[in-house]
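Protein chains in written order, with my numbering: chain A, 1355 to 1696; chain B, 92 to 313.
Any given hint could be a false lead.
The calculated lysine to aspartate or glutamate pairs, modelled on EDC-like cross-linking and capped at a C-alpha distance of 20 angstroms, are [stated by the list, open to error]: (1) B:LYS225 with A:ASP1455; (2) B:LYS225 with A:ASP1615; (3) B:LYS309 with A:ASP1455.
Which chain A residues stay away from chain B? Per the calculated CB distances, all over 12 angstroms, these [unchecked claim]: (4) GLY1360; (5) ASN1446; (6) ASN1456; (7) PRO1492; (8) GLY1504; (9) THR1529; (10) LYS1585; (11) ILE1612; (12) ASN1671; (13) SER1685; (14) ILE1692.
In case anyone wonders, no lab produced these hints; they're calculated from the structure. Glycine included, C-beta positions come from ideal geometry on N, C-alpha and C.
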Amino acid sequence: MISIQGLSKLYKTKHQNVQAVDDVSLNIEQGEIFGVIGYSGAGKSTFIRLINRLEEPTGGHINIQGTDITNLPINQLRKRRQKMGMIFQHFNLLWSRTVFDNIAFPLEIAGISKSERQEKVQELIDLVGLKGREKSYPSELSGGQKQRVGIARALANDPDVLLCDEATSALDPETTDDILDLLVSINEKLNLTIIMITHEMHVIQKVCHRVAVMDQGKVVEHGDVLDVFVKPQSKTAKRFVQQLNPLEHKQDSLKRFITEDESTEVIKLHFIGNDAKRALISEVVKTFDVEVNILQGSISPTQEGAYGTLYVELNGNESVIAETLKFIEASGVEVEVIRDVK
Amino acid sequence: MLSEWFPNVVMEDMWDATYETLYMTVISVIGTLILGILLGLLLFLSERGNLWQNRLINSVTASAVNIFRAIPFIILILLLFPLTDFLVGTLRGPKAALPALILGAAPFYARLVEIAFKEVDKGVIEAAKTMGAKTHTIIFKVLLPESMPALISGITVTAINLVSFTAMAGIIGAGGLGDLAYLKGFQRRDYDVVVASTIFIVIIVFIFQFIGDYLSKKLDKR
Ligand SMILES: Nc1ncnc2c1ncn2[C@@H]1O[C@H](COP(=O)(O)OP(=O)(O)OP(=O)(O)O)[C@@H](O)[C@H]1O
Ligand SMILES: [Mg+2]
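I would like the entire structure built from these sequences, with the hints used as guidance.
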């Protein structure tokens, strides 16, 4: 649906040139929630602002549903922007307008008649759960409510894509979850494509289907969220995955279980999707003459199913352990034998 | 009692002069509002990184504004004599003061307007852009409403300056309370007329201040 080819943005200032976005190519499918994660200064905001040309690209092309956005003259670009909603970290509502009038604003811009506006705004207010607050001013709302107004406003002209730049970064964890739930339900209800910028892996885990990891203007890794979680390739991705589940990666505590002794092994099991629900450990204990000592484990739900890891210690005959490992692998669960700790 | 304290004050003259002062102030406030907002908009929009970014227009407007602001009002009136004669056809009376009043106050107000626009949240302007808003929509539906309280408190300050400008204009024959205080008071050594005119002027200033504060507070929903 959105195809991005060789997208680049070079900022030239007096003192230095900054390659904020560096030759990014991505395809974003209709109806998916696509996450972009990266540390501060990675170029995420620049990237998303290039998509609706709030910033002019210095290279590359963006094609949205067959239209090359990069070559659109300004008057056509304005028309096109009406079909691209955007929500912001700091909401960017007009303080001089009520909730109702804020949501009506994009409809006014699109030249929708007053009676149609009335109807549409009411519908949106119901959708985002702000019934009864129509006449409030933004200053009378909480952060979460403000973002709901922002979302309603972004959806007013029935966009085909929603751009979110750190939409939850100014909110507390609970409100963040509420807003993320709302975005997921809108994605499902309207089959709306959402591009989500964030620096929190938690957000990616909770709502995204696919993710791109950005570092210094480049996409260093992209793919299904689950794949990136289970097998992060780049250093940046690894750090983000660790941020999500610090326990799993604090392997120091495993150190004392790891020995040269051939009759005990520490292994890490990855459960993905439906595997996570299997009673694998009890199967192992029943089938083989090994002792299983559970060290630590965790499970993280994602949009594409759950992802769990489990560290266990196996005690038994060397050959039995080898057979056990084969059995586990054959059952589709990934096994990693931990020999030393970083 | 009033005639005891103010033996030389003729109430009819006072009301006529008050009417002239109000006439000059109100018309020049309207003129200043229009010219000042236009100039302020031009200053703001032509600034670097804004909608009509243009160095030449920005520096020409800024210089014009600065030059007019630097000229003392009393000298501006004298300088504008030929223009006034051409526009109004006379050099005497309240009408004759209007060009100088507007040109004297508008540059000052233009700077206040520019500051008011600069204080509008950049993110809100950007949000309007992402909705596909044209420049005139951004001006009329974002910039002006979002800066309204500051525009109103700015015009209040300017209106009060204009009341004192009208008094100065009065001394060279524009009419109004300043004229009355000078001709019928000061020159005849009837100081009670000067005091009475002052009281009237102060009341007018208070009324402007009150209306301005009320409106700007009422409109501010931040
Ligand atoms: N208008 C600009 N002029 C010059 N350089 C800029 C401009 N905007 C951004 N940059 C630079 O581009 C780089 C990427 O900035 P960007 O805002 O896209 O990062 P980000 O990933 O969104 O970071 P954050 O998480 O802090 O929002 C930074 O080095 C920044 O300094
Ligand atoms: Mg950013």
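These are the hints, each one checked on the structure:
1. B:LYS225 with A:ASP1455: Holds - the C-alpha atoms of ASP1455 of chain A and LYS225 of chain B are around 18 angstroms apart, at most 20 angstroms.
2. B:LYS225 with A:ASP1615: 74 angstroms, violated
3. B:LYS309 with A:ASP1455: 18 angstroms, holds
4. GLY1360: For GLY1360 of chain A, whose nearest Cβ neighbour in chain B is about 24 angstroms away, the distance exceeds 12 angstroms, so it holds.
5. ASN1446: At about 4 angstroms from chain B, ASN1446 of chain A fails to clear the 12 angstroms cut-off, so the statement is violated.
6. ASN1456: 10 angstroms, violated
7. PRO1492: 8 angstroms, violated
8. GLY1504: Given that some Cβ of chain B is not farther than 12 angstroms from that of GLY1504 of chain A, nearest at about 8 angstroms, it is violated.
9. THR1529: Holds, since 20 angstroms exceeds 12 angstroms.
10. LYS1585: 36 angstroms, holds
11. ILE1612: At about 52 angstroms from chain B, ILE1612 of chain A clears the 12 angstroms cut-off, so the statement holds.
12. ASN1671: Holds: least Cβ distance 66 angstroms, greater than 12 angstroms.
13. SER1685: 50 angstroms, holds
14. ILE1692: 48 angstroms, holds
In the structure shown, a violation is registered for the earlier hints numbered 2, 5, 6, 7 and 8, in ascending order.
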